[in-house]
Amino acid sequence: MGRKFLRSHELYLFLLIVVYSIIVNSISKSFLTAENMFDILKSSSIMGVMAIGVFIVMLSGGIDISFPAIATVSMYVTVRLLERFNGNLLIAFVMASTFGIMFGCVNAFLVYYFNIPTLIVTLGTSSIFHGAMLSIAKIPHIYTVPGYFFEFSKKYIFSWVNKEGITIGFSTMTCTMLIIAVVSWLILRYTMLGRGIYAIGGNLEAAKRAGFNIMRIQFFIYSWIGFLSGIASILYVSLVRHVHPFNLMGMLLDVIAAVVLGGASLAGGSGTILGTFLGVGMIYFIKNSLIFMKIPSYWDPVVIGLVIIVSTGINAYSKTLGRRGVTIIES
Amino acid sequence: MNLKNLIFGKRITIRYSKTMTFVIAFIIVFIVLSILQPTKFLSNTNLQQMAFQIPEFGILALAMMVAMLSGGIDLSIISITNISGIISAIVLLSLTYPETLDLSMLLKGIMAEEAATGSLLLQAPTGIKMFMIILVTIAVAIGVAGVCGLLNGLLVSIIRIPPILATLGTMKLLEGISLVITKGSPITNFPKSFLFIGSGTIAVIPVPMIIFILCAFAVSVFLKRTRLGFSIYAVGENPIAARFSGLKNRGVLIKTYLCSGLLAGVATILLISRVDSVKVGYGTAYLLQAVLVVILGGVSYLGGIGNVSGVVLGIFILRAISSGFNIIGFSNHFRNVIWGSMLVLVTIVNYIVPRIADLLKIRARSLNV
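Residue numbers (this note's numbering), protein chains in the order written: chain A, 1 to 331; chain B, 1001 to 1369.
Pulled a few chain B residues facing chain A out of the computed Cβ check, cut under 10 Å:
| # | residue |
| --- | --- |
| 1 | Leu1155 |
| 2 | Pro1162 |
| 3 | Lys1172 |
| 4 | Ile1177 |
Okay, the calculated beta carbon distance ranges per label pair:
| # | chain 1 | residue 1 | chain 2 | residue 2 | range |
| --- | --- | --- | --- | --- | --- |
| 5 | A | Ser159 | B | Ser1300 | 53 to 59 Å |
| 6 | B | Ser1341 | A | Gly250 | 21 to 27 Å |
| 7 | B | Ile1356 | A | Ala267 | 30 to 36 Å |
| 8 | B | Ile1213 | A | Trp185 | 54 to 60 Å |
| 9 | A | Asn213 | B | Ile1348 | 18 to 24 Å |
| 10 | A | Ser297 | B | Phe1244 | 46 to 52 Å |
| 11 | A | Leu81 | B | Gly1251 | 53 to 59 Å |
| 12 | B | Val1204 | A | Ala267 | 48 to 54 Å |
| 13 | A | Leu193 | B | Ser1309 | 44 to 50 Å |
Straight line, CA to CA, 25 Å or less: simulated BS3-like cross-link-like pairs of lysine-lysine:
| # | chain 1 | residue 1 | chain 2 | residue 2 |
| --- | --- | --- | --- | --- |
| 14 | B | Lys1183 | B | Lys1279 |
| 15 | A | Lys42 | A | Lys155 |
| 16 | A | Lys163 | A | Lys29 |
| 17 | B | Lys1129 | B | Lys1192 |
| 18 | B | Lys1248 | A | Lys319 |
| 19 | B | Lys1183 | A | Lys294 |
| 20 | A | Lys154 | A | Lys42 |
| 21 | A | Lys287 | B | Lys1183 |
| 22 | A | Lys287 | A | Lys42 |
If you are wondering where the hints come from, they were derived from the structure by calculation, not from laboratory data.
Predicted, not measured: the structure shown is a model, and the values here were computed from it.
All residues carry an ideal CB built from backbone N, CA and C; glycine is no exception.
Could you build the full structure based on these sequences and the hints that come with them?
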């Protein structure tokens, strides 16, 4: 256990975060404070929920780029419906995640029955879902959402007031993210379904021969990411208090960057949920620290792009080096 | 008797070819649209507009096609177009107005107002000097795009990042660099003689169309008649087999993405000289359409299968349909729905058709026995 832990990707990532935050803190003193840390935990929960979904898809050897579209559409439809009818937060979560599961099943259907590459399926369905919403909805913005949405984001599991009179605490949003992470971890670790996801990520044909029900696994993977997109969309509404048709679409690359940074590989079969979390944390630390270091926000994509390239690069290059002594076949 | 034999005779076999299917599909689309909207679709302006829009998109699709033939994908072509457009536009303007141009003002988007007063337009050089400036601009655009393509190639082949992630990363990175340079403001008001490339006509044929035809021809010759082109097919079809037959896969992949970048550079020049401006985010809609048209054109996403004629016909079909939608009055968003469903449907058909053909063959064989 000890040696394996010392060599793990997660440990390095954690050390990287610590070193990075110490450097930033030496530039701007207000970075490493309890207030800012809990704030990062709260605001990163939306991305964290989505990242778990993307991680599971990547674990199975696929990629899903339709999740922002799924989140946007289920967010819009849910809020529009709840505007008309009385509801509460639970109904909102259930509705949004149901829509998410439905959209996810469409993806799974295409991936499983027609063997289309996941990138092409989700590229297509992403523009179908999002385009359909924008062309059907007369006004895709909603500026006033029911009150119970933003009460949710204000609640804390536990909290205290610091010297300057600012409430600091462990938000319900962070709690939601943690519950989802634990549930996903349990599924991946202790159920046949979860082991099947690892199996088809390792080798689809071998998993089929070993008797895994590929259809059930594929439908679970894509409906799970749909479900999580639905949950994330409600978290988003409760945090920003309005519905915008394009904001969530911009999160696509950040989420993928976080998951890749967390040690998942596109080839499938590798990575952990803890790593994904640290990846999300790293992305948020970088973004947040840019603000603290007074760097204009248009540097954001440059940094994210570099993070994707460097992290995938290190991952891929170390694999190449590891293979070098073993085999002469090199594709 | 002879005639009857010719029509009904069993000796006549129709050779199935994908290219023929595309030609027929194009003719059908064209006829249907002409019947539905005869005055608008067949009008001179619409045909001209189509002829101006096809080239830049077509060259981008060719760039995507080269990458997909090698078994990868290049998601960064639009970002490459943006960054090379921005850098070449800055070079063009600073060479054209060497004294009066304030670069910091240009990047704040003030250029447009300056030029509106006519103070800058008066000083544009003419004749051989302008020609040289345009040549330098073109060289810069293609050069920058080539460097970006080379970066993709290095990431994919030497460091061996999966093409999707590598090009996703460079897409974001290049977009970011373009944003940092321009702060999101457009650069406009290029000299008149530069605009000729994108919007001029020779006789009745638009200049970009001529460039596109030349490009398509060059890519076709490159893929079918050169050693490197053939290697791209081989690496796409089966990398391990290619390796064992003595190809240097890494070199081939680097050159593949370099080609893809260079083609994006050519598309840049056509784009910025047609719309007379450049800005981060121009042409983002082309990414989905490029993937769609390449798959529609019969290129396999697994690599190794496909040819230029299929893709070029696919481009013509897509543009004809697109302008049909324009005339009917569909919104941009609804068009996205249709592109997305077409992408999914075409891949489904590509998956099903060979299977049905196999089934029929098996049945025919069992009947014969």
